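Chemist: Letter by letter, the chains look like this.
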Amino acid sequence: MNHYIFKMPDLGEGTVDAEIVAWHTQPGDAVSEDQLIVEVMTDKAAVEVPAPVSGRVVSITGAPGDKVAVGSPLIVFDLGATAAVQAQAVPEPTVLPGGRAPAVAITAAPTGAGAPAVQFAAAPTGVRAPAAAASAAAAAAELGASQPGRTGRVKTSPATRRRAREAGIDLTTVAGSGPGGRILRDDLAAATAQTGSPAAPETAPATSEIKVIGLRRLIAERMSEAKRSIPHFSYVEEVDVTELESLRAHLNATRPADAGSLSYLPLVVVALTRVLESFPQCNVLYDAARGVLVRHRAVHVGIATQTPDGLKVPVVRHAESLGLWQLAGEIRRLAERARSAKATREELTGSTITVTSLGKLGGIASTPIINAPEVAIIGLNKALERPVVHQGTVVVRRIMNLSSSFDHRFVDGYDAAAMIQALKERLEHPATIFIPR
Amino acid sequence: MASMNMIQALNSAMDIMLRDDPSVVLMGEDIGYFGGVFRATEGLQRKYGEHRVLDTPIAEGGIVAAAIGMSLNGLRPVAEIQFADYIYPGFDQIVSELARIRFRTAGEFFAPVTIRTPCGGGIRGGQTHSQSPEGIFTHVSGIKVVMPSNPYDAKGLLITCIEDDDPVVFFEPKRLYNGPFDGDPAKPAVPWSAHPKGQVDEGHYRVPLGKADIVRAGADVTIITYGTMVFVAAAAAAAMQVDAEIIDLRSLVPLDVDTVCSSVRKTGRCIVAHEATRFSGFGAELVSMIQEECFWDLEAPIQRVAGWDTPYPHAFEWEYFPGQARVARALKAALESA
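Those protein sequences? They're chains A and B, same order as listed.
Residues 1 to 437 (the numbering used here) are what the first sequence spells out, left to right.
Residues 1 to 338 (the numbering used here) are what the second sequence spells out, left to right.
Keep in mind the hints are simulated off the structure, nothing from the lab.
No experiment lies behind these values; they were computed from the predicted model shown.
Among the hints, a few may not be true.
[Unchecked claim] Between beta-carbon pairs, the in silico distance windows are:
hint, chain 1, residue 1, chain 2, residue 2, range
1, B, T105, A, D34, 29 to 39 Å
2, A, Q421, B, T105, 51 to 61 Å
3, B, T105, A, P9, 31 to 41 Å
4, B, M240, A, D34, 37 to 47 Å
[Said to hold, decoys possible] Okay, derived cross-link-like pairs now, DSSO-like style, lysine-lysine, Cα gap no bigger than 27 Å in a straight line:
hint, chain 1, residue 1, chain 2, residue 2
5, B, K187, B, K197
6, A, K155, B, K266
7, B, K266, B, K187
8, B, K187, B, K332
9, A, K227, A, K67
10, B, K332, A, K155
11, B, K266, A, K342
12, B, K211, A, K342
13, B, K266, B, K211
14, A, K211, A, K67
15, A, K211, A, K7
16, A, K382, A, K424
Ideal placement from N, C-alpha and C gives every residue a C-beta, glycine not left out.
Please take these sequences and the hints and turn them into a complete structure.
Modeler: Laid out in structure tokens, this is it:
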């Protein structure tokens, strides 16, 4: 037995352990090099780990949700088994040129659909097929894989196969009404209706359990830690954004062809970078281990972003040096990458202050939780037209509230309020957003 | 905004680049004194001089080789190959030299060369004036491959390509120079002035590479195409009353995988269409990529519409050209109940 022990790799700067999210292989499986074997999660980024070698999996370490230290054994492969199969399969004289197992298996299919790539369609395939079938069967037997009977194959589209799998329907039990007995989408729908979908109310359990692992666990830990250790001081102020809205509408109407439409978010971020020049105590990371507040001249703005996996905070680096359109583009790009789970670890870390906006769901006030080790988070509430009293008469103005939280250990209420007032000043006189201190 | 045909739009792009960037030079056969066989460079030598707009000998290998040397010494050449059918003498220079400069020198040198060349059929040009060799170039790592389908994109893409620091082969579907063409040669010609994409910004603007254009949004089937076939496919889908999503790739390399795949995931059905021959064509790459990325969303096999696997013929052009009937047949196959 020739064993290969694969240890948990170092997946990034300072990573000490990684959490198992999902195994794509189990002991006994034969895997080939570069096949994805396990999905793990560090800090905030999920990483898919490919097999470093081809072989049979002997054992794996950790169930989904478990943390495995970097450098400790993750998977043990047995390299002997596969090598033995290859040793027998390769010298087999009947194997086609480039006779790897998959190519042989295709040729062996009695459907005759897949002619070998090296041939033109006119060449007779029948001559080679029986010999190839023998070696494919031998290879299958060696691998211990139970090849489904090819004669029992069903004809249907990939999308219908997926739907059947998701509904838990065995397609061999479904009658096909399409050409050549093909199972149509409607056939599957009829079969699903007959058997009753697995999610039917009478069979569904009264409760279901969802393990708190992966990103959800990370969010939970961070939220608890921030709320437990930071005395939050929350402050709500209303901002008259009537002029800002008019600027926004004008910019949108005249925007460059390659720019997306502008929301309030980038405008607020630009204003925030200006205001922070005068309030450096809000653009701070608290290093609890050393008892030091680290003031940052650069403003790296975390943008709280809802994704299918949960809350993520991609980071616009050096927001203070970006123009409005650049900033808007960068926010859009990062949000998209976070949503499609493509954001890198670097794109999800290193913020010095965070902005959170729920857009149309913004409500009138919120109590955002600080993204530790930062000391401030700025929340945007919904902008809408309201009657306000202006010089004795009621007029319609567009009002948006800002709901912000500060770490009261390091930011005094006076400074926090002054900072938000400065931000309000800028937003109510939008030209000043673009004027440095 | 001004009404322009594709020739005028390309001329405007080169005019602006010559004006704004002293390192830009044009070169090619008959492009200077004569103004180009399709008039794309008309007036530019008179305006910028013989040292900026160069007439070259009839030697495509030499044109590309000279452009490479000029680019390595700080210029930004835009070389015209009079017809894509004549690009092959320059092929070795493109593949073995131009495409590799950045890689070979570990990034120390780069070659900002744009090679413009008219391509495609539908003009009774026979085998030496009708070819669509874009797929051959997409197979060469290190060069970008672009093909606009209208004046607006043509100008914005050409400016982007000239400003790009890496080599681009820029194919111009010559049947579209004077107006959109839906594949029916019996119909009277339509000018670009009647089409919204014939309205072109007179100033400098870019159309990005690697960003496909969704010409028409639809729900039933995705048609992925570029160049002349954008209009042929649109006409076929309209005639069949199919709610097709039509995607104009605009740049083949880099390819906008996201736009293509999100559309196919939405519709579950797809056809790819190009004028070039079918076997080992760019459509084959699209089909492979789509099945890799979207297999479990496919309701039906992906169909290909392409030129027949023969040299472009002298006769029977409209039997050869993949017109509306062939697109319709593919649409029917893709939409068969599944």
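Chemist: Please go over all the hints and tell whether each is borne out by the structure.
Modeler: Evaluation of the provided hints:
1. T105(B) with D34(A): 29 to 39 Å: 31 Å, holds
2. Q421(A) with T105(B): 51 to 61 Å: 56 Å, holds
3. T105(B) with P9(A): 31 to 41 Å: Cβ of T105(B) to Cβ of P9(A): about 33 Å, so the range 31 to 41 Å holds.
4. M240(B) with D34(A): 37 to 47 Å: 43 Å, holds
5. K187(B) with K197(B): Roughly 20 Å between the alpha carbons, so the hint for K187(B) and K197(B) holds.
6. K155(A) with K266(B): Holds - the C-alpha atoms of K266(B) and K155(A) are around 22 Å apart, at most 27 Å.
7. K266(B) with K187(B): With Cα atoms ~34 Å apart, K266(B) and K187(B) exceed 27 Å; violated.
8. K187(B) with K332(B): Holds, at about 24 Å.
9. K227(A) with K67(A): Given that 27 Å is the threshold and the Cα spacing comes to 24 Å, the pair holds.
10. K332(B) with K155(A): Measuring from Cα to Cα gives roughly 19 Å; hence the hint holds.
11. K266(B) with K342(A): Judged against 27 Å, a Cα distance of about 20 Å means the pair holds.
12. K211(B) with K342(A): 19 Å, holds
13. K266(B) with K211(B): It holds: about 18 Å lies between the C-alpha atoms, which stays within 27 Å.
14. K211(A) with K67(A): 14 Å, holds
15. K211(A) with K7(A): 25 Å, holds
16. K382(A) with K424(A): 15 Å, holds
Checked against the numbered hints given earlier, this structure breaks only hint 7.
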